Amino acid sequence: VITEVAGIVTFSDFVESVSVQQVTDDVTGLTSLVVTDPKQRGSAGKDLRPMVKLVDESGEALCIAGTDIPAMYFLPAGAIVSLVDGAQVGVGDVLARIPQESSKTRDITGGLPRVADLFEARKPKDPAILAEATGTVGFGKETKGKRRLVITDKDGERHEELIPKWRHITVFEGEHVERGETIVDGAPVPHDILRLLGVSELANYIVNEVQEVYRLQGVGINDKHIEAIIRQMLRKVEIETSGDSRFLRGEQLEAARVLDENDKLIAQGKVPATYHPVLLGITKASLATESFISAASFQETTRVLTEAAVNGKMDSLRGLKENVIVGRLIPAGTGLAYHAERLRKAQEAAQKSSAASSGPTASEVEEALSKAL
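In the numbering used here, the protein residues as written are 1 to 373.
Simulated from the structure, these hints should not be mistaken for laboratory data.
All of these numbers come straight from a predicted model, not from anything done at the bench.
Possibly wrong hints are sitting among the right ones.
No more than 20 Å apart at the CA atoms, straight line, and that leaves these computed lysine to any residue pairs for SDA-like [claimed, not checked]:
#1 Lys53 x Cys63
#2 Lys165 x Lys154
#3 Lys284 x Phe119
#4 Lys224 x Arg235
#5 Lys123 x Asp13
#6 Lys141 x Lys125
#7 Lys144 x Lys123
#8 Lys321 x Leu287
#9 Lys284 x Gly319
#10 Lys224 x Val171
#11 Lys53 x Asp13
#12 Lys39 x Pro76
#13 Lys165 x Asp37
#14 Lys53 x Ala65
#15 Lys141 x Phe119
#16 Lys125 x Pro70
#17 Lys141 x Leu48
#18 Lys123 x Pro164
#19 Lys53 x Tyr73
#20 Lys224 x Ser200
#21 Lys53 x Pro188
#22 Lys141 x Lys224
#23 Lys270 x Leu248
#24 Lys141 x Ile69
#25 Lys321 x Ala288
#26 Lys144 x Leu48
Cβ-Cβ distance ranges computed for the label pairs, FRET-style [stated by the list, open to error]:
#27 Gly59 x Asp223: 53 to 63 Å
#28 Glu178 x Arg303: 35 to 45 Å
#29 Asp260 x Lys144: 47 to 57 Å
#30 Gly198 x Asp263: 45 to 55 Å
#31 Ala368 x Leu305: 20 to 30 Å
#32 Thr152 x Gly312: 52 to 62 Å
#33 Ile325 x Thr283: 29 to 39 Å
#34 Arg303 x Gly250: 33 to 43 Å
#35 Ala228 x Leu162: 33 to 43 Å
#36 Asp37 x Gly312: 55 to 65 Å
#37 Ser316 x Ser200: 24 to 34 Å
#38 Lys352 x His225: 44 to 54 Å
Cβ coordinates follow ideal geometry from the N, Cα and C atoms, glycine included.
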């Protein structure tokens with residue numbers, strides 16, 4: 001943490017043995033203050049937020065040059081403060097050092113659970129909080145144990161977020177933030193990235209996080225393999241407005257089915273349905289597939305087959321798994337031509353049978369009568 005203005009240091013919420021601890025370095029013998037983790041403070045120190053303020057000689061708070069933002073720096077857990085209260089500092093001086101944590105996923109045994117969490121789209125413990133909108137940060141009235149962070153966008157609309165006081169906020173009063181930017185430290189929730197930043201940002205995040213684990217072991221995996229899994233995780237969409245379609249609001253459907261229906265509605269000059277993508281973990285995505293044969297071959301076989309029987313489901317055998325299970329050629333490669341030919345023959349047979357069952361047309365009846373007479 002580096003100063004942006006010159007002034008005198010004053011400590012706030014520095015309570016020894018509660019919010020900060022005196023620690024002596026074994027090598028240098030120097031004593032410094034270390035900010036205690038809020039989880040280890042007990043009830044007395046939960047609401048304390050150690051910070052360093054910069055004031056002038058008269059004790060007036062200094063502001064960062066060219067702004068109305070006061071020069072105050074909140075310190076996260078583990079920050080090491082080498083200065084003393086009342087010390088004189090210049091621009092660019094170090095106020096506190098934040099030790100770099102050694103990663104816990106340094107080997108493949110620690111890394112694989114991380115990969116599993118990403119592919120199952122699990123919410124991490126104490127996740128990062130992302131900015132809901134682009135705008136200016138402000139702080140509102142505090143409640144017991146929580147701070148009220150307010151983001152005001154360019155239209156003047158306020159987006160409020162209640163944040164526990166022990167969480168480390170990475171933004172300051174008056175700072176400009178972009179939608180989806182991290183405002184509270186932690187591991188981001190994949191669902192939040194999708195909601196605020198979109199599909200491409202989510203795909204980049206998952207690919208980079210998975211690759212990081214394998215790169216440490218010197219394993220090279222092409223991104224396309226991870227992207228293929230992400231595509232399956234994002235196969236479903238949730239309907240927001242139904243438009244002129246027969247879908248219901250809040251219904252989760254295959255994206256391909258919704259796109260096909262919307263294309264038909266647009267061609268007829270009708271209002272298409274609006275939707276947003278939904279992220280499912282790979283287990284849930286496999287069980288939520290439209291093919292009950294494919295779902296039953298994976299997990300919860302009894303439940304899947306029972307539901308299919310109760311609902312009278314029909315499997316059109318469009319995917320690869322279900323065709324392998326029933327012993328047919330898969331609809332890919334040379335099998336694609338085989339399936340296309342079968343479909344064409346089935347359609348021709350259906351047209352012939354419908355023509356035969358419909359009976360003679362009016363013109364055919366007239367022609368037959370004229371011949372008979």
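Against the structure, the hints come out as follows:
1. Lys53 x Cys63: Status holds; Cα separation ~10 Å.
2. Lys165 x Lys154: Answer violated: lysine 165 to lysine 154 is near 27 Å, above 20 Å.
3. Lys284 x Phe119: Holds, at roughly 10 Å.
4. Lys224 x Arg235: holds (16 Å)
5. Lys123 x Asp13: violated (32 Å)
6. Lys141 x Lys125: Not OK: lysine 141 and lysine 125 at ~27 Å, beyond 20 Å, violated.
7. Lys144 x Lys123: Roughly 26 Å between the alpha carbons, so the hint for lysine 144 and lysine 123 is violated.
8. Lys321 x Leu287: Since the Cα atoms of lysine 321 and leucine 287 sit roughly 13 Å apart, the hinted pair holds (cutoff 20 Å).
9. Lys284 x Gly319: Roughly 17 Å separates the two Cα atoms, so the pair holds.
10. Lys224 x Val171: Not OK: lysine 224 and valine 171 at ~36 Å, beyond 20 Å, violated.
11. Lys53 x Asp13: Distance of about 11 Å is within 20 Å: holds.
12. Lys39 x Pro76: Measuring from Cα to Cα gives roughly 12 Å; hence the hint holds.
13. Lys165 x Asp37: holds (12 Å)
14. Lys53 x Ala65: holds (15 Å)
15. Lys141 x Phe119: Not OK: lysine 141 and phenylalanine 119 at ~39 Å, beyond 20 Å, violated.
16. Lys125 x Pro70: Violated: lysine 125 and proline 70 sit about 32 Å apart, past 20 Å.
17. Lys141 x Leu48: holds (16 Å)
18. Lys123 x Pro164: Roughly 18 Å separates the two Cα atoms, so the pair holds.
19. Lys53 x Tyr73: holds (6 Å)
20. Lys224 x Ser200: holds (14 Å)
21. Lys53 x Pro188: The hint is violated at about 29 Å.
22. Lys141 x Lys224: violated (48 Å)
23. Lys270 x Leu248: holds (16 Å)
24. Lys141 x Ile69: holds (18 Å)
25. Lys321 x Ala288: holds (14 Å)
26. Lys144 x Leu48: holds (12 Å)
27. Gly59 x Asp223: 53 to 63 Å: For aspartate 223 against glycine 59, whose Cβ atoms are near 56 Å apart, the range 53 to 63 Å holds.
28. Glu178 x Arg303: 35 to 45 Å: The hint (35 to 45 Å, Cβ to Cβ) holds, given that glutamate 178 and arginine 303 are roughly 44 Å apart.
29. Asp260 x Lys144: 47 to 57 Å: Given about 52 Å between the Cβ atoms, the range holds.
30. Gly198 x Asp263: 45 to 55 Å: Violated, at about 22 Å.
31. Ala368 x Leu305: 20 to 30 Å: violated (53 Å)
32. Thr152 x Gly312: 52 to 62 Å: holds (53 Å)
33. Ile325 x Thr283: 29 to 39 Å: violated (19 Å)
34. Arg303 x Gly250: 33 to 43 Å: violated (22 Å)
35. Ala228 x Leu162: 33 to 43 Å: The hint (33 to 43 Å, Cβ to Cβ) holds, given that alanine 228 and leucine 162 are roughly 39 Å apart.
36. Asp37 x Gly312: 55 to 65 Å: For aspartate 37 and glycine 312 the Cβ distance comes to about 56 Å; the hint holds.
37. Ser316 x Ser200: 24 to 34 Å: The hint (24 to 34 Å, Cβ to Cβ) holds, given that serine 316 and serine 200 are roughly 31 Å apart.
38. Lys352 x His225: 44 to 54 Å: At 46 Å between Cβs, range holds.
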